[in-house]
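Participant: Top line first, the protein sequences correspond to chains G, S, Z and P. This note's numbering puts the first residue of the first sequence at 1, with every later residue one more than the last. This note's numbering puts the first residue of the second sequence at 1001, with every later residue one more than the last. This note's numbering puts the first residue of the third sequence at 2001, with every later residue one more than the last. This note's numbering puts the first residue of the fourth sequence at 3001, with every later residue one more than the last.
For the record, the hints were derived by calculation from the structure and aren't laboratory data. Errors might be hidden in some of the hints.
Simulated restraints, written as ranges between beta carbons of each label pair [what the hints assert, rightly or not]:
{"#": "1", "chain 1": "S", "residue 1": "Leu1018", "chain 2": "P", "residue 2": "Val3209", "range": "38 to 48 Å"}
{"#": "2", "chain 1": "P", "residue 1": "Ser3599", "chain 2": "S", "residue 2": "Leu1212", "range": "19 to 29 Å"}
{"#": "3", "chain 1": "S", "residue 1": "Asp1050", "chain 2": "P", "residue 2": "Tyr3562", "range": "52 to 62 Å"}
{"#": "4", "chain 1": "P", "residue 1": "Ser3599", "chain 2": "Z", "residue 2": "Thr2015", "range": "34 to 44 Å"}
{"#": "5", "chain 1": "P", "residue 1": "Val3052", "chain 2": "S", "residue 2": "Val1462", "range": "33 to 43 Å"}
{"#": "6", "chain 1": "G", "residue 1": "Val66", "chain 2": "P", "residue 2": "Ala3629", "range": "12 to 22 Å"}
Listed next, the in silico DSBU-like pairs over lysine-lysine satisfying Cα-Cα at most 35 Å (straight line) [to be verified]:
{"#": "7", "chain 1": "Z", "residue 1": "Lys2085", "chain 2": "G", "residue 2": "Lys86"}
{"#": "8", "chain 1": "S", "residue 1": "Lys1296", "chain 2": "P", "residue 2": "Lys3594"}
{"#": "9", "chain 1": "P", "residue 1": "Lys3576", "chain 2": "S", "residue 2": "Lys1439"}
{"#": "10", "chain 1": "S", "residue 1": "Lys1296", "chain 2": "P", "residue 2": "Lys3576"}
{"#": "11", "chain 1": "S", "residue 1": "Lys1439", "chain 2": "P", "residue 2": "Lys3594"}
{"#": "12", "chain 1": "P", "residue 1": "Lys3463", "chain 2": "P", "residue 2": "Lys3111"}
Some chain P residues close to chain S (C-beta under 8 Å, calculated; not the full set) [said to hold, decoys possible]:
{"#": "13", "residue": "Met3064"}
{"#": "14", "residue": "Ile3068"}
{"#": "15", "residue": "Ser3174"}
{"#": "16", "residue": "Asn3178"}
A virtual CB, placed ideally from N, CA and C, is assigned to each residue, including glycine.
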Amino acid sequence: MEIGIGHYLILAGLLFSIGFVGVLRRKNLLMLFFATEVMLNAVNVAFTAIGNYYGDLSGQMFAFFVIAVAASEVAVGLGLLIVLYKKYGSLDLETISSMKG
Amino acid sequence: MSHILSALVFFPALAGILGFVVDKKSAKAYGIAVAAVEFLLSIWLWISFDGSNAGMQFTEYVPIIAQFGISYNLGVDGISLFIVIMATMITLLGIILLREDTPNMKNMIVSLLFLEMTMVGVFVSLDAIVFYLFWELSLVPMLYIIGAWGGPTRVYAAVKFFLYTFAGSLIMLVGLLAMAYLYNLEAGVWSFNILDWYKLQLTADQQFWLFLAFFAGFAIKVPMFPFHTWLPHAHGQAPTIGSVILAAVLLKMGTYGFVRFSLPILPDASVDFTPFIMVLSLIMVVYTAMVAFAQKDMKQVIAYSSVSHMGIIMIGVFAMNAEGLGGSIFLMLSHGIVSGALFMLVGVIYERRGTKLMSEFGGLAATMPIYATVFGVMLMASVGLPLTIGFVGEFLVLLGFYKVSVIGTIIAGSTIIIGSIYMLALFKKSFFGPVTNEKNFGLKDLDARELTALLPLVAIVVWLGVYPKPVLEPIDNSVKKLLVQMEEHAQFPSTKDAIIISKKEAE
Amino acid sequence: MYEVIAFYIFAISTTILFLITVMSKNVLYAMTALAAGMVMISGFFFLLGADFLGVVQLIVYVGAVMALYAFAMMFFDATKDIKEKHQNPALVFLLGGLMALVFVVMFSAPIIGENVQALYPIVDGVGNAQAVGMVLFTKYLVPFEVAAVMLLVAMIAGIILAGKKMDYSLTECEVSDQELEDEILKGEAK
Amino acid sequence: MESLVYVALFAPFVGSMFAGLFFGNAPRNAITGWVASTLLFVSFLASVALAVHVVHHGSVHVTMMDWISAGDLSIPFGFLVDEVSVTMMVVVTLVSTVVHIYSTGYMDHDKSYNRFFSYLSAFVFSMLILVMSDNFAGLFIGWEGVGVCSWLLVGFWYHKADRPFEENPSISPSWAANEAFIMNRVADLGMLVGIFLIYWNIGSLQYDVVFAAMPNLADGILVAIAIALFIGAMGKSAQFPLHTWLTDAMEGPTPVSALIHAATMVTAGVFLVIRANPLFSLEAVSGVSLFIAALGTFVAFYAASMALIARDIKRIVALSTLSQLGYMFAAAGLGAYWIALFHLAAHAFFKALLFLGAGNVMHAMDDELDIFKMGGLKKAMMGSYIYMGIASVALAGLPIFAGFYSKDAIIETAFNEGTYIIWGILVITAGMTAFYSFRQVFFSFHGEKRYEALGFHPHDMYKYVLVAMAPLAILAISFGWFMDDFKAFITKNLPAYEMSHHTHHWAWLLGLIVVIIAVAGIVIAYKKYAGKGANAWKRDEEFEASFIYKLLENQYYVPKFYDEFLVKPYTIASEKFWAIDKAVVDGSVDLIAKAFYKSGDVSRGMQNGNLSSYLNWMGAGALLLVVAAALATAIG
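Isolated chain G, as found in the complex:
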């Protein structure tokens, strides 16, 4: 039995779905961030696997950029979290609903 691209993709899909569930059910912003990290990682695995399958480095390149984006997102996002926490004293989404239309 050989591990093919299908395995990796299915695994990536599952991991992505786990992250997805996290995004949906988490009300705490920090935990939401964790869930998004999970999704990003899942995608990175998929990119790399596909790149490997085609013998193309572009997959890895995308993964790099995803990591870069994730890093900056964490930097900015955590900064915002701190501001929010200072303002509301909580990171619960239920208490932050200033965008009500």
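Since chain G is already given, all that's left is putting chains S, Z and P on it; use the hints.
Facilitator: The following block gives chains S, Z and P in isolation, referenced to the frame of chain G:
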């Protein structure tokens, strides 16, 4: 004076921009002066126009986006010449009729001048994109006029007017772009020049869809049944000047579009669609005339009568012979003048009484005899009395349409019956009978300002009714040329059969 | 065979770790599980021959990002369990499950486009780091620079946002300082 | 001669414009009346001069200018003065002149005196265009022009309020005016269709071209043209079923009724049939011609029957007009065009005279119309009595008088053609005519002075007015004497209809029958209505309650029928259509707009400000996208 058309188009706009700095008190005088100059320019255009030349004259051509074939391309022929003159004239008279105490007079004048630019622009542009630009731009000042000076539900009416016509013209834009694309496929180069499009041979399928796309834009503007419902709202709420220009000129853009685009570019589809158009137009003629009869409001009667008359114009356009088509173009003029005058007249009484309900009036003929007389003349022109302007067009249209359908002609001809029913009912309710409402006793008759605006229209109604030749001849020449073009351009024998070329041209 | 075993070990462990991340009520547990899961992810990269990416994953994610999270946590009370109200949790799992199902079905179907040609093929005999460098600094130079700028921007943004002078709002300038302080006090009181 | 044509045509126009200058609220200006009358007299003189010219040198044809030319169509303003049109011109201008002069007296106290003359002269102008035009379009100009003038003049006293049908069958002048105009428009549509048919089949509207080409056309087209033109004629000449407007048109001032609704305009239909005689005498359209004759006969009888019991003096005269128009159509339909024209002219004279006499009576009785309230006016109004007597005798068709010659000729024609049913009805109708016309005379001038109880103080018209009416009276007596000259003159242009030898043989007997019946009618009327004292007429309540009386009084319920089955349904349908327009047509447009609003309203619920629910929505969207991607992969 090779740039007279550009001058005609942009003079009012430039003057309108300058109008922002004019003193408030002199705004009306300024407006009259500008509109008068513009009107004289259009008269000059007529004088220098060669009536025997059926083609485009005073053409101007400046490429704008050369790689896509979009150019600033103007020209005028017998079909558009008189509509332009009518537009400038109606604007002038409309401004004269404006009351001195109109709120925000300056804004009104400026929007009217911009409107004038777009109106003239639509009728003289020979490039589809430029045409479309003016077409859409014309909505903006009108939207403002209705929305700012209108009646109680003006915003609803204005938005409805705007969205409805805008929706239609977007579909038309798709049609125009598709047309350019097809031209590119065929000829290898891009062109939005209408005259180039005239030469393009399209398959029946392409013509079918393009016709529908054009139809959406034009039919809503006309407005054809069942797309007419924005019109009563717009007229009901618009100030007098808005109604006058809307009825006199803006509606003509729709029928003009059919003549300029649908017929020559898509001759086969036009012939194929004739029964469809005929049915809609006949419904329009009879149904809206009956609805007009049921109205309680004078202005609504005239609004619906407008729709009914536009139905006659439509069947004339699709008569596919010189009599009908020429007649319908003449009818566009006469309808513009007559309905414009009627709206002015309703405006006059509205200013005095603050109401347009017929039940509020009665016996006005006794208290305002001159007003009643002018109204009577316009009424007779509206019902198509011979020796008034209304008859010439209506007669020719019905005569021409007879060739297409006898039954259709009889049904459309019933307009002379039902048209007189609602118009005479209106006249009887408002002008005849004893004066029952005491508010009507001391009404002032027409004053100098109103007479200045209305008497020229009365004169034209009679003049063109008795001697339509100076106008009818250039129209006739251009129409004949258009028909010859259509016939040459048509691909199917059935189309060629349906288009009747007058004997003189055939030789 | 060794590869298969490695894959499954990594797969199972990442799945479990990430599930913990998503389901745990304790921030500390969740973060720890996330960090561990990321280490496991890097295993996949090594398996796939993307050595350099694996290392980057370890350094950037497990090193830098997790460190950031850890620091951020210090601001919040990390030892307490998080209370979350879950409205219709079934729907969440249904959506997630559906998502997973669709992915599984989609990816277990035969891959189409087997004959896609590699634009930047992995060259044999050249180390992965070298190859990555070649591509990254030629074809992807512009995105790389953009990413660099982006990171710089993010850094500055992070500093400013989390910076010391955060006792007033950046977005609600019109609110007076006094009101803001009151509000903060109120928030703290909660 | 050309200038004479223009003088004849435009003199009334100038008069109308002159009177129009004093429009509006300008006070009554006696000059307008006299200027208009003088100009009409000028027109009359020009017409007579033209007649003389035509007699000696044949017809005059002038083309003034182009009117409409589009495509292959070319319509000029052309005028043709030939035997037929010059006859009409002379009749029209003569009667008009008399009526104008009469009006200066009759309308003396009306505050819209100027306006009246403006309209009246404009009418004459239109009528002259109608008869003089050399093409169908020009005819149509006049056709519509007289319609408008009729509208203006019937509705002259527009300030009168509407009254219910039971009180006044005409409701109000403005109502009657509208009815007349609209009903005429129905017929005009037929006329227009006829014009279209002619144009597309022949390519011209000029009489000479059209009539020359007629014999070459297919039968079906000829029949269609004939029917269409006759529908036009039916409207203007108030033939059944488009007749109701004529009696209602009596709401107009009496001179108007005399000129328009008796002498000239209503005969336009007959004129059209006479003018188009090359068409109507074709073999192919003989069916239509026979129908015309039959319809004319029917209308003659139908109208006469209503006149038998009518109480309104003007209505009686109007109904007799209708009846006489029926006679004219009968003659024209049977091919005796010149006889129809002859009767037209004779009728114009005596009927105008009759109307003007009735106007005098009305004037004397303060606009009272009910003959039951009159009686014994002979003393007070001798002049009018004589005129009315002459006119009634002429109408009844007693020998020597004009009506005898013309009407007798028509009845003889019916006999000659072998259409004995038409003949029989026409003879009976002649008796009825004599009865009702003398019933009216006896009612108003003989018998008890019923008006005294009602407080009227009748006085005769101005002297000059009575003098001005003299020409009509003279012609009502003597016009018939010139029958043979007229025939010789007119048959240059119209087919010379000759009685067969057989008919000629029996002519004296036929004439005698008609005269006996007419005299019998007069005698009965005298017995019944002219008595005084013990013999005086009393209302017959029993008869007035009978079905026949009710039927006749309600004009065979035709106006009721129109009201119930045309006017009301039309009004209701209009209201319904308006409701549909608002609810369905406009509603469906608004529905689209409302759908957008509604969707916005509904989807606004998503924007609840809760980030978590936003995320849920985003997740659902992402899932959708993934599913779409999966499907796309599966399909493609």
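Participant: If a hint holds in the structure, say so; if it does not, say that too.
Facilitator: To see whether the hints hold, each was checked on the structure:
no.: 1; hint: S:Leu1018 x P:Val3209: 38 to 48 Å; result: 59 Å, violated
no.: 2; hint: P:Ser3599 x S:Leu1212: 19 to 29 Å; result: 26 Å, holds
no.: 3; hint: S:Asp1050 x P:Tyr3562: 52 to 62 Å; result: 55 Å, holds
no.: 4; hint: P:Ser3599 x Z:Thr2015: 34 to 44 Å; result: 41 Å, holds
no.: 5; hint: P:Val3052 x S:Val1462: 33 to 43 Å; result: 35 Å, holds
no.: 6; hint: G:Val66 x P:Ala3629: 12 to 22 Å; result: 19 Å, holds
no.: 7; hint: Z:Lys2085 x G:Lys86; result: 22 Å, holds
no.: 8; hint: S:Lys1296 x P:Lys3594; result: 27 Å, holds
no.: 9; hint: P:Lys3576 x S:Lys1439; result: 32 Å, holds
no.: 10; hint: S:Lys1296 x P:Lys3576; result: 14 Å, holds
no.: 11; hint: S:Lys1439 x P:Lys3594; result: 41 Å, violated
no.: 12; hint: P:Lys3463 x P:Lys3111; result: 22 Å, holds
no.: 13; hint: Met3064; result: 11 Å, violated
no.: 14; hint: Ile3068; result: 6 Å, holds
no.: 15; hint: Ser3174; result: 4 Å, holds
no.: 16; hint: Asn3178; result: 4 Å, holds
Of the numbered hints listed earlier, those contradicted by the structure are 1, 11 and 13.
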